[in-house]
Amino acid sequence: DAKTTQPPSMDCAEGRAANLPCNHSTISGNEYVYWYRQIHSQGPQYIIHGLKNNETNEMASLIITEDRKSSTLILPHATLRDTAVYYCIVRVARNSGYALNFGKGTSLLVTP
Amino acid sequence: KAGVTQTPRYLIKTRGQQVTLSCSPISGHRSVSWYQQTPGQGLQFLFEYFSETQRNKGNFPGRFSGRQFSNSRSEMNVSTLELGDSALYLCASSAGQPWGSTDTQYFGPGTRLTVL
Chain X
1 DAKTTQPPSM DCAEGRAANL PCNHSTISGN EYVYWYRQIH SQGPQYIIHG LKNNETNEMA
61 SLIITEDRKS STLILPHATL RDTAVYYCIV RVARNSGYAL NFGKGTSLLV TP
Chain F
1 KAGVTQTPRY LIKTRGQQVT LSCSPISGHR SVSWYQQTPG QGLQFLFEYF SETQRNKGNF
61 PGRFSGRQFS NSRSEMNVST LELGDSALYL CASSAGQPWG STDTQYFGPG TRLTVL
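Chains as they are written, first to last, in our numbering: chain X, 1 to 112; chain F, 1 to 116.
It should be emphasised that the hints constitute simulated quantities derived from the structure, not laboratory data.
Honestly, I wouldn't trust all of these hints.
27 angstroms max Cα-Cα, derived BS3-like pairs, lysine-lysine [claimed, not checked]: (1) X:K104 / X:K52; (2) X:K3 / F:K57; (3) X:K3 / X:K52; (4) X:K104 / X:K3; (5) X:K52 / X:K69; (6) F:K57 / X:K104.
Heads up, incomplete: computed chain F residues facing chain X, CB under 8 angstroms, no partners named [said to hold, decoys possible]: (7) L43; (8) R55; (9) N56; (10) F60; (11) G108.
Because the structure is a prediction, the values reported are computed rather than measured.
Even glycine gets a Cβ: it sits at the ideal position worked out from N, Cα and C.
Please construct the entire structure, taking both the sequences and the accompanying hints into account.
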């Protein structure tokens, strides 16, 4: 199973890009990478997911390395409201369903 | 559209008791998943229900169980509570596959369970 590791914390200046890394060095070919974030006292919120190709939506971009052993979530212009814990999650297919490997999360602090 | 609602929001129980938590998904969503979040273990997947059937299960003991009703509302039950069951229990709903390629999963605010 792919194990996911993330740095425990990061800082970013408001208006700058926030680049949050995730290592999933044991990932296999059919395992998706998901990113969620959790603002204090709320439930997690979906951000983006990908399998092999880079992905972009209105919230963020997801860059997956060619060997798929790591990925980076990019918030292009961080705002104070982006302060949250960001989770990298790998979905592992199983014969009878799937398993989920959650990273411990990166606490992102966006400063003025 | 109303979001995912969970009741109660806070709960205090003692060891050995049992507890039932409730989750109402977003209208039209047929999949409900449950997760446990603790400071030590982080987020962990409990189980997923779709159209009243348990579709997937995480690695938790049999004391943790759940069910889904015909209106898609779901309950989870923890029997013989242990101190380590103290956690934030999160429910999430999606239209179809919560961890598939197209459907988005929406989380509720969680139920904070404290076991004394």
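Each hint, compared with the structure:
Annotation: proposed proximity of K104 of chain X to K52 of chain X holds, straight-line Cα distance about 22 angstroms (limit 27 angstroms). For the proposed pair K3 of chain X and K57 of chain F, the alpha carbon gap of about 19 angstroms is at most 27 angstroms, so the pair holds. Taken as a hint, the K3 of chain X and K52 of chain X pair is honoured in the structure, with Cα atoms around 17 angstroms apart against an allowance of 27 angstroms. For the given pair, K104 of chain X sits about 11 angstroms from K3 of chain X by alpha-carbon distance, which is consistent with the 27 angstroms threshold.
Distance check on the hinted pair: K52 of chain X and K69 of chain X sit about 11 angstroms apart at the alpha-carbon level, within 27 angstroms; holds. Restraint check for K57 of chain F and K104 of chain X: satisfied, since their Cα atoms lie roughly 20 angstroms apart, inside the 27 angstroms limit. Annotation: interface hint on L43 of chain F holds; nearest CB of chain X at approximately 4 angstroms, less than 8 angstroms. Annotation: interface hint on R55 of chain F holds; nearest CB of chain X at approximately 6 angstroms, less than 8 angstroms.
Because the smallest distance between the Cβ of N56 of chain F and any Cβ of chain X comes to about 4 angstroms, under 8 angstroms, the interface hint for this residue holds. Among the interface hints, the one on F60 of chain F is violated; its C-beta lies about 12 angstroms from the nearest C-beta in chain X, farther than the 8 angstroms criterion. Interface restraint check: G108 of chain F against chain X, minimum CB-CB distance 5 angstroms, threshold 8 angstroms, status holds.
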